[in-house]
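Student: Sequence:
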Amino acid sequence: MDDKHAEHARERSRYIRGFLFALALTLTAFGIGHLYGPQTPYVYLAIGVLGLLQLIVQLAYFLHIDRRRDSREDLDLILFSTMVLLIIILGTVWILGDLHMRMQMGMQM
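Taking my numbering as reference, the numbering of the sequence shown is continuous, increasing by one, and the terminal residue is 124.
By construction, these hints were calculated from the structure, which means they are not laboratory data.
Heads up, some of the hints might be wrong.
Quick list of simulated restraints, FRET-style, between CB atoms [said to hold, decoys possible]:
1) Leu92 - Glu22: 20 to 28 Å
2) Leu114 - Glu22: 54 to 62 Å
3) Ile93 - Gln54: 29 to 37 Å
4) Leu38 - Leu114: 36 to 44 Å
Quick caveat, the model's predicted, so the values are computed rather than measured.
Ideal placement from N, C-alpha and C gives every residue a C-beta, glycine not left out.
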């Protein structure tokens with residue numbers, strides 16, 4: 016019974032730490048956006064870095080994905096899904112950019 020209670024207490028403290036980290040990262044991103052505005056250089060870079068840190072916190076504290084052997088399959092699945100999403104998103108941006116250029120060339124004639 017004590018082992019179960021200790022495990023539950025560890026999990027609860029892990030979730031609380033994850034929530035506090037995620038909350039701090041979110042408030043920091045909102046604070047940077049509010050204080051410096053979207054026209055300031057490097058604001059988007061700072062928010063992007065904070066977003067990546069947020070992703071790491073979510074994966075580690077809430078989904079329990081780490082570099083241990085037993086969660087390797089989950090990490091592989093997440094990385095593969097990310098790769099497929101990046102291919103879809105970047106392919107769409109590439110196609111739309113090419114289409115935009117071709118339409119602009121047609122207007123010049």
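Student: Hint by hint, say whether it matches the structure.
Tutor: Structure-based check of each hint:
1. Leu92 - Glu22: 20 to 28 Å: Taking Cβ atoms as reference, Leu92 and Glu22 lie about 26 Å apart, which means the hint holds.
2. Leu114 - Glu22: 54 to 62 Å: About 55 Å separates the Cβ atoms of Leu114 and Glu22, which means 54 to 62 Å holds.
3. Ile93 - Gln54: 29 to 37 Å: holds, 35 Å
4. Leu38 - Leu114: 36 to 44 Å: holds, 41 Å
Every hint from the earlier list agrees with this structure, and none is contradicted.
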